[in-house]
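Visitor: Construct all of the structure, not just a fragment, from the sequences and the given hints.
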Amino acid sequence: MYKYDHYDQAIVDARVEEFRDQVRRRIAGDMTEDQFKPLRLMNGLYLQLHAYMLRVAIPYGTLDGRQMRMLAHIARKYDRDYGHFTTRQNIQYNWIKLEDAADILADLATVEMHAIQTSGNCIRNISSDQYAGAAADEVTDPRPWAELLRQWSTFHPEFSYLPRKFKIAVIASPTDRAAMRLHDIGIEMVERDGQLGGRIFVGGGMGRTPMIAPEIKDFVTSADLLSYLEACLRVYNRHGRRDNIYKARIKILIHELGADEYRRQVEAEFAHVKTLGLDPPAAEYDRIAAFFAPPAFAADAPDTIDRSDPDFALWVDQNVAAHKQPGHAIVTISLKPAGGIPGDASSAQIDLMADLAERYSFDELRVTHAQNIVLPHVRKADLHAIWTALTGAGLAEANLDLISDIIACPGLDYCSLANARSIPVAQKIAARFASPERQRDIGELKLKISGCINACGHHHAGHIGILGVDRKGTENYQLLLGGSGAEDASLGKITGPGFDEDGVVDAIERTVEKYRTLRTDGERFLDTYRRVGMDPFKEAIYG
Amino acid sequence: MGELRFRDDATHDEPAVTLDSFFDQSNATAVRIEPGDDARALIPHLDRLALIDVSFPKYRDGRGYSSARILREAGFKGELRASGDVLVDQIAFMRRCGFDSFAPDAPLDEAVVEASLARYDDVYQGAADGAVPVWKRRHG
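Read top to bottom, the protein sequences are chains S and X. Numbering follows this note's numbering, with no gaps: position 425 of the first sequence is 425. Numbering follows this note's numbering, with no gaps: position 134 of the second sequence is 134.
Simulated from the structure, these hints should not be mistaken for lab results. Hints may be right or wrong, so weigh each one.
To be verified - Subject to a maximum C-alpha distance of 20 angstroms in a straight line, what follows is the list of computed EDC-like cross-link-like pairs (lysine to aspartate or glutamate):
(1) X/K58 to S/D30
(2) S/K428 to S/D506
(3) S/K3 to S/D363
(4) X/K136 to S/D5
(5) S/K97 to S/E33
(6) S/K97 to S/D351
(7) X/K58 to S/D34
(8) S/K77 to S/D351
(9) S/K274 to S/D218
(10) X/K136 to S/D224
(11) S/K37 to X/D109
(12) X/K136 to S/E284
(13) X/K136 to S/D8
(14) S/K37 to X/D105
(15) S/K37 to X/D85
(16) S/K3 to X/D122
(17) S/K514 to S/D527
(18) S/K97 to S/E17
(19) S/K37 to S/E99
(20) S/K274 to X/D129
(21) S/K165 to X/D61
(22) X/K58 to S/E33
(23) S/K274 to X/E73
(24) S/K37 to X/D61
(25) X/K136 to S/D286
(26) X/K136 to X/D122
(27) X/K58 to S/D243
(28) S/K247 to X/D61
(29) S/K380 to S/D355
This one's a predicted model, so the numbers in the text were calculated from it and none came from an experiment.
Guide: Next comes the structure, spelled out in structure tokens:
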């Protein structure tokens, strides 16, 4: 875990005071709402349907027990006793008062946290692989690079009024658990001839014009990484469209220029930027990387799991992943209980997860883009105790990557942009497929729901996606099939005419039943869809 | 406070001309560039320019920040002015990008400007103002 030094702390503390002053000037009437808006947005404060929403950054989704407990404290003291973990590995609070916002930031600063650049047309929180430091297939831990990027992008003076928001993900495994190619910039750290560097993908994204990022550079040596990104951003800041908010993301620029022309411009800019001395020395990487050194794993931890408790064994099979260290495992805590709101956790649940992290996971937690929580480093011998504690808190749902492990945006229940509700649809689907046996029989099926075309619920990347739209004043749901946010990234295709809320649940059931008749051994829904195409499903849905 | 200037030399009196006029008029010493203009077109002429006025018709349009850095990175030592819809909370970032004078449409509160410029002792990244990034401070 990265620890702030006095520089980091001073910057975050200064930000709290700056924001306090901005709120004071807004309340005093010295600033219009229009002038205040970009300032509060750069601090993660949105004005929503019912109240202010505050989005707190969890850099690359990593936090410790003390920080997690602070998130519970904020939910308890300033909100309605719960928080909502997001697809950007952040947490947001839906019922915040403007006059409390600076105090919340001050509380966060005491545990090295902030809400800097969690919204606004700037470089947002850097996201990463939730299994970083624990996965056997990683080339290196991506988090030191993510932290370098966090620092570089924080209060970047040139890139704080970009044409539109800008999201960066860093991974370091061939397996993509972070939807890397659906980001404005996706970086895969790779090794070449014994040297570490990044494969750079630019121009991915969801929203109303979903695109998978093309590879812009196959290898940028780590010593040039920040300069290269600076060049990528400068070309975008100068030439990205500003005439139409819906065409302002970098994906549109690259689509219109073509990847080759964008690459040519970036290369020319990079040749210049590299002369400016913007890249930190290797010693700075080493300083940061030291914070992410592997914890002191017990070399002799037993590698077996006592599976005599059948419910426990089911949870292990579904929610526990292989760890690089023998005798250890990665636990995913599902925030998708049947009937619940995807990604929500109560203060008591957040505290409990903090306790478990401190006791069993070297004081580390991760937030996943699928809105779950990970205990990255647990001993296999402790799994049963963890499961028992989670069971008591309603957190032991054994549904990771199953049909009820749904990503959903807050939708029309909270969000001022939404056209349709997402949460009730997620709840109805979870209820329809409530049987754990049935879910396991269906197998891996990533279902993602967005309540409007902005696609915060990643519906384009769902094996099954749902998009809520407004059709003549009534909520209507379009169904998409065949998307993926993984290393085999693809965009879902719309099946045909949309449905009402119950109709879309029926259509999903018909889709799933069709898959069961078509699948061959070991085929996931996505594999079957890719093999047989849309037609058989269309026929099953619309008959 | 209307004009805000961080230079010791005398204010440049000649009015700034548009980029097109500048190229037609070989003796102009002050030019005004719009967000869509290519600041790099001025690089061969920096020696004869005393003032470059970078226009911000809307504060949300951040192209002028890149224009400023490009001009400073090319060695421009003259006055670099941000004019138009320039808000008090943008001054600090603009200073970092190399602007050294400001002509905002609406007057700025001097106390707020001073507080915002004094607020951060440290910065995370190099830019056009010569501030030493913290990674350099950490490693001497």
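Visitor: A separate judgement is required for each hint: does it hold in the structure or not?
Guide: Each hint tested on the structure:
{"no.": "1", "hint": "X/K58 to S/D30", "in the structure": "19 angstroms, holds"}
{"no.": "2", "hint": "S/K428 to S/D506", "in the structure": "10 angstroms, holds"}
{"no.": "3", "hint": "S/K3 to S/D363", "in the structure": "13 angstroms, holds"}
{"no.": "4", "hint": "X/K136 to S/D5", "in the structure": "14 angstroms, holds"}
{"no.": "5", "hint": "S/K97 to S/E33", "in the structure": "15 angstroms, holds"}
{"no.": "6", "hint": "S/K97 to S/D351", "in the structure": "23 angstroms, violated"}
{"no.": "7", "hint": "X/K58 to S/D34", "in the structure": "12 angstroms, holds"}
{"no.": "8", "hint": "S/K77 to S/D351", "in the structure": "14 angstroms, holds"}
{"no.": "9", "hint": "S/K274 to S/D218", "in the structure": "18 angstroms, holds"}
{"no.": "10", "hint": "X/K136 to S/D224", "in the structure": "16 angstroms, holds"}
{"no.": "11", "hint": "S/K37 to X/D109", "in the structure": "19 angstroms, holds"}
{"no.": "12", "hint": "X/K136 to S/E284", "in the structure": "9 angstroms, holds"}
{"no.": "13", "hint": "X/K136 to S/D8", "in the structure": "14 angstroms, holds"}
{"no.": "14", "hint": "S/K37 to X/D105", "in the structure": "19 angstroms, holds"}
{"no.": "15", "hint": "S/K37 to X/D85", "in the structure": "15 angstroms, holds"}
{"no.": "16", "hint": "S/K3 to X/D122", "in the structure": "17 angstroms, holds"}
{"no.": "17", "hint": "S/K514 to S/D527", "in the structure": "13 angstroms, holds"}
{"no.": "18", "hint": "S/K97 to S/E17", "in the structure": "17 angstroms, holds"}
{"no.": "19", "hint": "S/K37 to S/E99", "in the structure": "15 angstroms, holds"}
{"no.": "20", "hint": "S/K274 to X/D129", "in the structure": "17 angstroms, holds"}
{"no.": "21", "hint": "S/K165 to X/D61", "in the structure": "13 angstroms, holds"}
{"no.": "22", "hint": "X/K58 to S/E33", "in the structure": "15 angstroms, holds"}
{"no.": "23", "hint": "S/K274 to X/E73", "in the structure": "12 angstroms, holds"}
{"no.": "24", "hint": "S/K37 to X/D61", "in the structure": "15 angstroms, holds"}
{"no.": "25", "hint": "X/K136 to S/D286", "in the structure": "14 angstroms, holds"}
{"no.": "26", "hint": "X/K136 to X/D122", "in the structure": "11 angstroms, holds"}
{"no.": "27", "hint": "X/K58 to S/D243", "in the structure": "12 angstroms, holds"}
{"no.": "28", "hint": "S/K247 to X/D61", "in the structure": "15 angstroms, holds"}
{"no.": "29", "hint": "S/K380 to S/D355", "in the structure": "18 angstroms, holds"}
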